[in-house]
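Chains as they are written, first to last, in the numbering used here: chain V, 327 to 661; chain S, 327 to 661.
No lab work stands behind these hints: they were computed from the structure. Incorrect hints may have been included.
Ranges of calculated distance between the beta carbons of each label pair, as one might list FRET restraints [to be verified]:
{"id": "1", "chain 1": "S", "residue 1": "W473", "chain 2": "V", "residue 2": "K353", "range": "38 to 44 Å"}
{"id": "2", "chain 1": "S", "residue 1": "L389", "chain 2": "V", "residue 2": "L633", "range": "32 to 38 Å"}
{"id": "3", "chain 1": "V", "residue 1": "L657", "chain 2": "S", "residue 2": "T470", "range": "27 to 33 Å"}
{"id": "4", "chain 1": "S", "residue 1": "P523", "chain 2": "V", "residue 2": "A524", "range": "14 to 20 Å"}
{"id": "5", "chain 1": "S", "residue 1": "T470", "chain 2": "V", "residue 2": "D529", "range": "26 to 32 Å"}
{"id": "6", "chain 1": "S", "residue 1": "W473", "chain 2": "V", "residue 2": "V482", "range": "45 to 51 Å"}
{"id": "7", "chain 1": "V", "residue 1": "I424", "chain 2": "S", "residue 2": "T658", "range": "43 to 49 Å"}
{"id": "8", "chain 1": "S", "residue 1": "A524", "chain 2": "V", "residue 2": "P557", "range": "43 to 49 Å"}
{"id": "9", "chain 1": "S", "residue 1": "I603", "chain 2": "V", "residue 2": "V444", "range": "57 to 63 Å"}
{"id": "10", "chain 1": "S", "residue 1": "P405", "chain 2": "V", "residue 2": "V452", "range": "26 to 32 Å"}
{"id": "11", "chain 1": "V", "residue 1": "T470", "chain 2": "S", "residue 2": "T658", "range": "29 to 35 Å"}
{"id": "12", "chain 1": "V", "residue 1": "P557", "chain 2": "S", "residue 2": "L389", "range": "35 to 41 Å"}
{"id": "13", "chain 1": "S", "residue 1": "P637", "chain 2": "V", "residue 2": "M327", "range": "34 to 40 Å"}
We treat Cβ as the ideally placed atom computed from N, Cα and C, and that holds for glycine.
Chain residues, written in single-letter form:
2 protein chains.
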Amino acid sequence: MQRIIWAVILSFAIAVVLGPVFIPWLKKLKFGQTIYDLGPQSHKVKQGTPTMGGIIFAVPMILVPLILHVGGFGQPYLPMALISTLGFGLVGFVDDYIKVSKKRSLGLTPMQKIVPQVVISAALAVWAYLTPSIGSKLIVPFTTIEWDLGILYIPVMMFILVGTTNSANLLDGVDGLLSGCSLIDFATMVIVCLALPAVKSLDSGVYLNMAIFCGAAAGAVLGFLRFNTHPASVFMGDVGSFTIGGALVAVTMVTRTSLLLPVIALAMFVSSLSDIIQVGYFKYTKKKTGTGKRVFRMAPLHHHFELGGMPETRIVWMYMAVTALLCLVTLTMFI
Amino acid sequence: MQRIIWAVILSFAIAVVLGPVFIPWLKKLKFGQTIYDLGPQSHKVKQGTPTMGGIIFAVPMILVPLILHVGGFGQPYLPMALISTLGFGLVGFVDDYIKVSKKRSLGLTPMQKIVPQVVISAALAVWAYLTPSIGSKLIVPFTTIEWDLGILYIPVMMFILVGTTNSANLLDGVDGLLSGCSLIDFATMVIVCLALPAVKSLDSGVYLNMAIFCGAAAGAVLGFLRFNTHPASVFMGDVGSFTIGGALVAVTMVTRTSLLLPVIALAMFVSSLSDIIQVGYFKYTKKKTGTGKRVFRMAPLHHHFELGGMPETRIVWMYMAVTALLCLVTLTMFI
Numbered sequence: 327m328q329r330i331i332w333a334v335i336l337s338f339a340i341a342v343v344l345g346p347v348f349i350p351w352l353k354k355l356k357f358g359q360t361i362y363d364l365g366p367q368s369h370k371v372k373q374g375t376p377t378m379g380g381i382i383f384a385v386p387m388i389l390v391p392l393i394l395h396v397g398g399f400g401q402p403y404l405p406m407a408l409i410s411t412l413g414f415g416l417v418g419f420v421d422d423y424i425k426v427s428k429k430r431s432l433g434l435t436p437m438q439k440i441v442p443q444v445v446i447s448a449a450l451a452v453w454a455y456l457t458p459s460i461g462s463k464l465i466v467p468f469t470t471i472e473w474d475l476g477i478l479y480i481p482v483m484m485f486i487l488v489g490t491t492n493s494a495n496l497l498d499g500v501d502g503l504l505s506g507c508s509l510i511d512f513a514t515m516v517i518v519c520l521a522l523p524a525v526k527s528l529d530s531g532v533y534l535n536m537a538i539f540c541g542a543a544a545g546a547v548l549g550f551l552r553f554n555t556h557p558a559s560v561f562m563g564d565v566g567s568f569t570i571g572g573a574l575v576a577v578t579m580v581t582r583t584s585l586l587l588p589v590i591a592l593a594m595f596v597s598s599l600s601d602i603i604q605v606g607y608f609k610y611t612k613k614k615t616g617t618g619k620r621v622f623r624m625a626p627l628h629h630h631f632e633l634g635g636m637p638e639t640r641i642v643w644m645y646m647a648v649t650a651l652l653c654l655v656t657l658t659m660f661i
Numbered sequence: 327m328q329r330i331i332w333a334v335i336l337s338f339a340i341a342v343v344l345g346p347v348f349i350p351w352l353k354k355l356k357f358g359q360t361i362y363d364l365g366p367q368s369h370k371v372k373q374g375t376p377t378m379g380g381i382i383f384a385v386p387m388i389l390v391p392l393i394l395h396v397g398g399f400g401q402p403y404l405p406m407a408l409i410s411t412l413g414f415g416l417v418g419f420v421d422d423y424i425k426v427s428k429k430r431s432l433g434l435t436p437m438q439k440i441v442p443q444v445v446i447s448a449a450l451a452v453w454a455y456l457t458p459s460i461g462s463k464l465i466v467p468f469t470t471i472e473w474d475l476g477i478l479y480i481p482v483m484m485f486i487l488v489g490t491t492n493s494a495n496l497l498d499g500v501d502g503l504l505s506g507c508s509l510i511d512f513a514t515m516v517i518v519c520l521a522l523p524a525v526k527s528l529d530s531g532v533y534l535n536m537a538i539f540c541g542a543a544a545g546a547v548l549g550f551l552r553f554n555t556h557p558a559s560v561f562m563g564d565v566g567s568f569t570i571g572g573a574l575v576a577v578t579m580v581t582r583t584s585l586l587l588p589v590i591a592l593a594m595f596v597s598s599l600s601d602i603i604q605v606g607y608f609k610y611t612k613k614k615t616g617t618g619k620r621v622f623r624m625a626p627l628h629h630h631f632e633l634g635g636m637p638e639t640r641i642v643w644m645y646m647a648v649t650a651l652l653c654l655v656t657l658t659m660f661i
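Chain V extracted, bound-state conformation (with noise of 0.2 Å):
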């Protein structure tokens, strides 16, 4: 217990060390985000503030785990964790780094997007499959029934895996959003990782290293938000938005309970539907009248309610809000 709690406090000192360093060093290199063309006009003000803050928090996010992990490297719990939180990360990188050489809003093509994500879902769900004590079972939110998907479980994770980074990724788009939301959704998944053990009579040892993994994200991004709550001096940049999504899908693939993400990230839920509802309403009308008509004022949802003039910080008060909430309620589950 006490070694999360120390997770939680380096890695928010890491984090808030790092800002002060990092966030002047980004704004030298001019490494200001070129901001979403497709963003709401209110944005373009924001025009010059750095994005790629998102190392901020990656770095002791991977950092913290290494250090106090308690002999983690027995189980290939840790290791995946890390691997999807890098390897996601690294995408993020990648796509930041061509957006600013290039001084475009847009990175690397959808194609050269999705690909090595989808090479690294693949492989992260064939080894989770190939784990004995995690399998091809996902725990169905709110019953006791494990789900067996035999070999279907790695196309279904696989979709979960892509799903979620992305689905994190279309969330950043206001200060301290996702940053606000992860953080109660790795701070519940502290509590799942201690909780799950007793529930499912498992090795409670084996789960230790998974929340201070959780717990190392929770602080990393507390720490961060010290440079990303409004007025944000830095955004995450995808190499933050892809490292949230691949560390927290990450923890709920090893602990089967990806089933209780559209609870808990219920807010990366949301945006990724309002998005395909957004698109595929517009085509169909397209198709159907000619005219493409909108669902939304702005898709992903967030944009809908600042287009509508709430206040960017009562966007992230709401979204956290029914965060909190639906976190809440998914801990009855487990004590």
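Starting from the structure of chain V, add chain S where the hints point.
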């Protein structure tokens, strides 16, 4: 456990629903805050924002534990907590009401404010002292020692009661600052109430009501943050800050954990301390050299940061982050 989560959700829902009913009504009655003449200049723009918004969370904080309590009136714990919350809250209410109706920044005179506080504190301290399961012992933080104060318990507890409520009042000076910090404190006290019986071999049923009370308080404050996050559409007023102070200190009184307050409620503690240092140093230098000098740009401490150019949202982040880390460290005492 589930009852606590219901308390959080129900309280949250009541607060969120009360806001839109109550805020326009406060505005109509011109209960706009007459901004504290001694506050930072930048706060002048806040003139007109309604105050007394604390009623939005005071209602669920008191109602929800009454609805959801589990045979709570067999022990005096819940009644003590409710009386403290309501009693201190009423003092704040009267103060606010006078401020608003007289359109001046100061409400009750210091004497009119302190006398009822001392009366409430004396009643609560004596009541606690005479309750066998509370008595005269206080748990010393981070030790297994229980410090028996004997009859001195009464003046010490009175000091803690008056000190905490007034410190909460001082901390309320930046949008979402007191609500945010107290949210973390109440959440922490939920866990303390749940964990304490196991650590101290006590009857857990007795503390369940206090956990429900804290859960309701956390939910209510979380809901209130909808309206109080920067840019605030309502201030909590003295009715709010005294309600929060009264609730928090009462929970620590019945769980005998009041000595934890300087840790988990460090934000409140430093607010008072900085005020005392500022005034003391000013008077000392005035007497010594003829001109009074200041230690802080402005006291309480959060105004010092504000005048140093830190955005309000960043001050809130800093106070909440420090509170969260201290609460985590505190929890190692119990779990």
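So, going through the hints one by one against the coordinates:
1. W473/S and K353/V have their C-beta atoms about 52 Å apart, which leaves the hinted 38 to 44 Å range violated.
2. At roughly 37 Å, the beta carbons of L389/S and L633/V sit within the given window of 32 to 38 Å.
3. Look at L657/V against T470/S: about 29 Å separates their beta carbons, and that is inside 27 to 33 Å.
4. Distance hint check: the CB atoms of P523/S and A524/V are about 18 Å apart, consistent with the given range 14 to 20 Å.
5. Take T470/S and D529/V: their Cβ atoms lie about 30 Å apart, and the range 26 to 32 Å holds.
6. The hinted range of 45 to 51 Å is not satisfied by W473/S and V482/V, whose Cβ atoms lie roughly 57 Å apart.
7. Distance hint check for I424/V and T658/S: the Cβ-Cβ separation is about 45 Å, which falls inside the suggested range of 43 to 49 Å.
8. Between A524/S and P557/V the Cβ separation comes to about 44 Å, which falls inside the hinted range of 43 to 49 Å.
9. Hint check: I603/S to V444/V, Cβ distance near 60 Å, so the stated range 57 to 63 Å holds.
10. Range check, P405/S to V452/V: about 60 Å between beta-carbon atoms, so the 26 to 32 Å window is missed.
11. At about 32 Å, the beta-carbon gap between T470/V and T658/S stays in the expected band of 29 to 35 Å.
12. Separation of P557/V from L389/S is about 37 Å and conforms to the stated range, judged on CB atoms against 35 to 41 Å.
13. At roughly 35 Å, the beta-carbon separation of P637/S and M327/V lies within the given 34 to 40 Å, and the hint holds.
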